[in-house]
Each structure stands twice: as C-alpha cells, then as structure tokens.
Amino acid sequence: MKTIEEINEKIKKGQAVVVTAEEMLGIVRKKGEAKAAKDVDVVTTGTFGPMCSSSIYLNFGHPAPRIKIGGGTCFLNGVPAYTGLAAVDVYLGATAIPPGDPGNLHYPGEFSYGGGYVIEELVSGKSVLLEATSCGTDCYPRKEIKTYFSLKDINEAILFNPRNCYQNYNVAVNSSDRILYTYMGVLKPKFGNANFCSAGILSPLLRDPEYYTIGIGTRIFLGGATGYVAWHGTQHNPSVDRTKEGFPKRPAGTLAVIGDLKQMSAEYLRGASFVGYGVTFVVGIGIPIPVIDEKVAFWCGVPAEKIFAPVVDYSSSYPERKPDVLCEVSYAQLFSGSIEIGKQKIPVGSLSSFFMARKIAETLKNWISSGKFKLTNPVAKLPGKESGIKIKGFEIKEKHQ
Amino acid sequence: MKISERVVLKFPKELVDKPTISTLVRKYDIEFNILQAQVLPQKEGLMVVVFTGEENIVKQVLKDLKNQNVVLQRLKQDIVKDDRICTHCGVCIGLCPTNAFYYDQSTRKVLFDYEKCITCMLCVKGCMVRAIKIKF
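Just so you know, the sequences run in chain order E and D. Residue numbers for the first sequence follow numbering that gives the first Met the number 0, so the first one is 0 and each next one is one higher. Residue numbers for the second sequence follow numbering that gives the first Met the number 0, so the first one is 0 and each next one is one higher.
Derived by calculation from the structure, the hints in this document are not laboratory data. Any given hint could turn out to be false.
When the alpha-carbon atoms are kept at most 20 Å apart in a straight line, the in silico EDC-like pairs for lysine to aspartate or glutamate are as follows [to be verified]:
#1 E/K373 x E/D259
#2 E/K358 x D/D16
#3 E/K294 x E/D88
#4 E/K261 x E/E327
#5 E/K142 x E/D88
#6 D/K26 x D/D63
#7 E/K342 x E/E327
#8 E/K125 x E/E155
#9 E/K380 x E/E209
#10 E/K305 x E/E293
#11 D/K62 x D/D28
#12 D/K108 x E/E109
#13 E/K371 x E/E4
#14 D/K65 x D/D28
#15 D/K80 x E/E109
#16 D/K108 x D/D81
#17 D/K134 x E/E109
#18 D/K108 x E/E339
#19 E/K389 x E/E209
#20 D/K108 x E/E209
#21 E/K142 x E/E130
#22 E/K34 x E/E21
#23 D/K65 x D/E13
#24 E/K344 x E/D176
#25 E/K248 x E/E339
#26 D/K108 x E/E266
#27 D/K132 x E/E109
#28 D/K80 x E/E266
#29 E/K305 x E/E21
#30 E/K358 x D/D82
Residues of chain D clear of chain E, computed beta-carbon distances all greater than 12 Å [what the hints assert, rightly or not]:
#31 L8
#32 V15
#33 T19
#34 L23
#35 R25
#36 K26
#37 I29
#38 I33
Beta carbons are placed, not taken as given, at the ideal position from N, Cα and C, and that holds for glycine.
Bound conformation, chain E alone (with noise of 0.2 Å):
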C-alpha cells in the first residue's frame, strides 16, 4: 500500500519508477501483481482519438466602447459560437458548422471546416477572426465589433469537454448493400471494414476499469499540456456488463476534462471531419494511475485478449436505437487487423491513433520522471457501477406533463 503522498515525494526525489501501461503490462506478467506493486510507483496511459463533445470558452477582454456579445451573436472565423452568458465571455463546440454550409445537402457533405478547426487554428497560435453583433446598452454602446484576435490576445481560452475518454466503445460495421458515412468513419457495405475507437490496453479507463484512483480534481496530460478531471462525463454509464476482471463489455464510463488551452498544442489537438457526418475534434489525453496497491498492478496485467468490445450495425440497429449486438471481440483482435463475423474475415480500422497514444504516455512518464508533474489525490470518486446511474434513452413526449 502506497499513498499519493509517498509517491510525490518520490517523484520529488526523482526516485518514482514510472512505466507506460504498456510496459506495465510485461513487468505484471513477468513478475505478477505483488511485485509490480512493489516495484512499480506510477503507470501513464494514453488516448488521442476524435471526441466529439469538446468545446472552448473565451473571454475576450472589453474594447473600448464596450459591447455585449452576451445574447448577441458571435462568429469565430464564421463559425457559431454561443453567446448566452456574460458580455465578452463566449463558447465554442468543436461540431459548429458555419451557417452557409451545405450540410449533407450533396450528399456526402465534406464538412470541411467548423468548430473543430478553429480550435486548432487557436492553438496554433493563429489568429481568427472575431465578427459580433449587439442591440447596445446604456453601459454597453457598441453594437458590432469586427476584429483579429489571437489567444495572446485575450484574457482566457479555456478546453472544457463534457465527454471524453469513452471506456471501451462499439465497433461499427454495415451489413446494408450501400456505404454509411458516419460517426464511426465511413462504412463500407456488406461488413466491408470494422471501425473502432480506443488505445486499448494504453486507453485510461482500461487501465483503470473501476475508477478506482481517476476521479474528479485528477491531474491529468491534456492536449499537450497539464489538465483535470472536471467530473464525469455525459453518458457516463457505469452499469453496464463487465467481465470477471471488472472490465466492461460496453461502452461506459466517461470523464469531463478541463484545462488552458493557452498552454496546450496543435500536436495534440486536431480539427477533424468525417465526410458525411460532420465537423469533430481529436483530443490527446494521457491519465497517470498511481500503483497505490496489488488492485491496481492487478488492472494494468489484464491483456487485450481480456477486453472485449461490442460489434454493432451502424445500418440498423444504432440508428434505430436498437440493443442489438452482433458479437463481442477482443482488443487483441481488433488490433491484429481483422475480425471474423460468422465466417466472414473482415479488415479493421481505428479512429484512434495507437501511435499518439504511445507518445502521449511516454511524454507523461518523462514529465512525472522528471518532476515536473506530481499526481493528485482525487477530490471525489466517479460514480461506479455501484451508483446505479444507468444511460437513459430520450423519449418523445406530445404533451406536458
């Protein structure tokens, strides 16, 4: 039994032994979980793929006469951003499109710029181009403002994603005769391609399947830079089936992550599209599990083979809200490159890059290694499957009630 205490005062020493999860996963075979414990302080994980649900929110500074952008309108390189709150305090999500976009109109729609993008032109250090409107006030004048800023400019740029870091997901297939243009990626008909989205055995909430030291105030590498743990996610869902190990055979735990976009970097936060489907945002995230006891070395042992995903047709049964599974396949599998349904081979793609994710975890470790980055006791636990908090389906209502 280790405290988070004990361990930062190792890392202040420069003592910690910090191993990625994928070297966590050889030092547990090879010398099981009692003396991985031991021997091992922290494990960093890993995850860059797209998340949809990532947003920003600014504060521009008041120029001189002031304006309201509260309750006006706001455009960000001629993107939509949410105006409902104070005078120059205004929100941008990554799936905004700009007004005049054709959408799927001509279909596949290419969705070839939005929210997404602006972020990474933001981080980039770029400047966009800011165009609000205003009635004006007795204390706020100006009825329009048109300007170039970039984040230098400003008094805040802070990343708040309501939803990201999905515990385990589907992996989408298309059993239909035409090809999907989805959130998975695009399909190709007949079970042509499998597509799936997580680091697996590098991917935070594998690693820690119970959230059992990730909770709300954890320190965590986001976007390049240092960030938190804000809460849990939208759609958290803890509930759902796990295997013998603790390991959910759905998706389910999610983390709300928070942190100044100031100091984090386009390489590891990207403007993305999928034709078809719309504008996104592929968000690097790295979380350090601290090796506090024998449970947790336990999680970071279980391999791939004993990670299991849902297969789902995104041709019926997902837009149809259905529950049906096709099957279930391991992470080894999906990262061997094919999976079988029935007697059919079918080639598998990722929508999370292994690669990044690899990086981001070793840029963790050196960071910990290195002193720069002490770990967290959390402040509150995410609810746990214990919570009973179950995903609700939306029903339509024709009447108050």
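Since chain E is already given, all that's left is putting chain D on it; use the hints.
For chain D alone, kept in the frame of chain E given last:
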C-alpha cells in the same frame, strides 16, 4: 520488353461518348485493365487503367491518347499521404481494398505503398484529418 503502365486518364467532355479505349485496343492489340472509371455524359471523364504490353506499344498507346487531348498522369503520383497531417490512426487501413496502407508494426505508424494503390479514393473520403489527397 513487356511492361505495365498504370495511368490516370482524364477525358475532355467531347471524348466521353466516344469508344476511345476499345478503338485503341483494336488498333494496338494491347491488354488493359480498368481499375476505376467515372464517365458521365457531358462531364469530364476519369479512368484509371493499367496497360500491359511491349514497351514501345504502350508508349505509342499513351502518345495516341495524348494526341486525342486525353490528359495523362502516372498513377503513383496521384494519391499522396501528407505525413505532416497524418495522425496515424489507421482508419484508411480498414478501407483500402488492396492493403496499400499498413502499420509499421514496431512504431504503429501508418505507411503507404503507392505501388499497390488503385486510386479507389475511399481513403480520401475516410481520412478525418484530410491527410490523403488526390492530385490529378
């Protein structure tokens, strides 16, 4: 010497309704394989073809096409993966019908073997950071 030349042919509107390829085949007795074609009335046509035959014959065929105002490009120059943009996710790997995209197993970087590419362009649509571009 027998060679195989993979080329992208861009047909001007006026040629789209003419049997250009079959005329060539009869004239030169050359083997051809259409990898991909997009030919619509009154629009510019696009075709990816492999011509196989004696080197001098293949050259004559290509010259003949050029004389008919068909724009020619060698295939391998056409699909480009920009490694400054690519995040190495590998979504293209599952889409590619000829395994032109693959992981370097040690680094888990996505590599592209353009010799295998048949410019079906699925990867261009599938790449979420638009790292794969087609150049005609």
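Now the hints, each set against the structure:
1. E/K373 x E/D259: Satisfied, since the Cα-Cα distance of roughly 17 Å is no more than 20 Å.
2. E/K358 x D/D16: violated, 53 Å
3. E/K294 x E/D88: violated, 44 Å
4. E/K261 x E/E327: violated, 41 Å
5. E/K142 x E/D88: holds, 16 Å
6. D/K26 x D/D63: Given pair D/K26, D/D63 holds - Cα atoms ~10 Å apart, limit 20 Å.
7. E/K342 x E/E327: holds, 15 Å
8. E/K125 x E/E155: holds, 16 Å
9. E/K380 x E/E209: holds, 10 Å
10. E/K305 x E/E293: holds, 19 Å
11. D/K62 x D/D28: holds, 15 Å
12. D/K108 x E/E109: violated, 26 Å
13. E/K371 x E/E4: holds, 15 Å
14. D/K65 x D/D28: Answer holds: D/K65 to D/D28 is near 18 Å, not above 20 Å.
15. D/K80 x E/E109: holds, 19 Å
16. D/K108 x D/D81: holds, 13 Å
17. D/K134 x E/E109: Satisfied, since the Cα-Cα distance of roughly 17 Å is no more than 20 Å.
18. D/K108 x E/E339: Violated, because 24 Å separates the two Cα atoms, which is more than 20 Å.
19. E/K389 x E/E209: holds, 15 Å
20. D/K108 x E/E209: Violated, at roughly 31 Å.
21. E/K142 x E/E130: holds, 11 Å
22. E/K34 x E/E21: Holds - the C-alpha atoms of E/E21 and E/K34 are around 17 Å apart, at most 20 Å.
23. D/K65 x D/E13: Holds. D/K65 to D/E13 sits at ~14 Å (cutoff 20 Å).
24. E/K344 x E/D176: holds, 17 Å
25. E/K248 x E/E339: holds, 18 Å
26. D/K108 x E/E266: holds, 15 Å
27. D/K132 x E/E109: Judged against 20 Å, a Cα distance of about 14 Å means the pair holds.
28. D/K80 x E/E266: holds, 18 Å
29. E/K305 x E/E21: holds, 15 Å
30. E/K358 x D/D82: holds, 16 Å
31. L8: At about 25 Å from chain E, D/L8 clears the 12 Å cut-off, so the statement holds.
32. V15: Fine: 22 Å to the nearest Cβ keeps D/V15 off the interface.
33. T19: At about 29 Å from chain E, D/T19 clears the 12 Å cut-off, so the statement holds.
34. L23: Since the minimum Cβ distance to chain E is about 32 Å, D/L23 lies beyond 12 Å and the statement holds.
35. R25: holds, 36 Å
36. K26: Since the minimum Cβ distance to chain E is about 37 Å, D/K26 lies beyond 12 Å and the statement holds.
37. I29: At roughly 32 Å from the nearest Cβ of chain E, D/I29 sits farther out than 12 Å, so the non-interface label holds.
38. I33: holds, 20 Å
Checked against the numbered hints given earlier, the structure breaks hints 2, 3, 4, 12, 18, 20 and satisfies all the rest.
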